[in-house]
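Counting from 1, one number per residue, gives the positions in the sequence shown under the UniProt record's numbering.
In short, the hints are calculated from the structure, not lab data.
Hints are not guaranteed to be accurate.
Distance windows between CB atoms, simulated [said to hold, decoys possible]:
{"#": "1", "residue 1": "ARG66", "residue 2": "TYR38", "range": "24 to 32 Å"}
{"#": "2", "residue 1": "HIS77", "residue 2": "ASP28", "range": "16 to 24 Å"}
{"#": "3", "residue 1": "ARG53", "residue 2": "PRO26", "range": "19 to 27 Å"}
{"#": "4", "residue 1": "ASP28", "residue 2": "LYS79", "range": "14 to 22 Å"}
{"#": "5", "residue 1": "LEU56", "residue 2": "VAL27", "range": "16 to 24 Å"}
Here are the simulated EDC-like pairs of lysine to aspartate or glutamate, each with C-alpha atoms no more than 20 Å apart in a straight line [to be verified]:
{"#": "6", "residue 1": "LYS79", "residue 2": "ASP28"}
{"#": "7", "residue 1": "LYS79", "residue 2": "ASP47"}
{"#": "8", "residue 1": "LYS79", "residue 2": "ASP69"}
Heads up, the beta-carbon is just placed ideally off N, CA and C, and yes, glycines get one too.
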Amino acid sequence: MSFDNSGFDTDRILRDRSQSLNEFLPVDPVAFLNLFPYLLAFDNNLDIVVSGRALLHIMPDMHGRRITDIFNLQRPHIKFRWDTVSSIL
């Protein structure tokens, strides 16, 4: 069986090279945030940098806080560190 996985490799390269949400997404960032109201994005310091409107409604002061101060990672069973989380993406 042969499977063309080049699309996945291209996505990974784009993700690695992208510096912002605008560069990576071929859609308007506001539209993207409207599509994913529970979106949560954090940087390599585990500081929350982007969240969807539903999460902001529940926790308006979450931006800039460390994700591990607010959330616990239940699954997968790994340490909640940048290197371990990014290695499975």
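Violated hints, by number in ascending order, as checked against the structure: Of the numbered hints given earlier, those the structure breaks are 1, 2, 4 and 6, listed in rising order.
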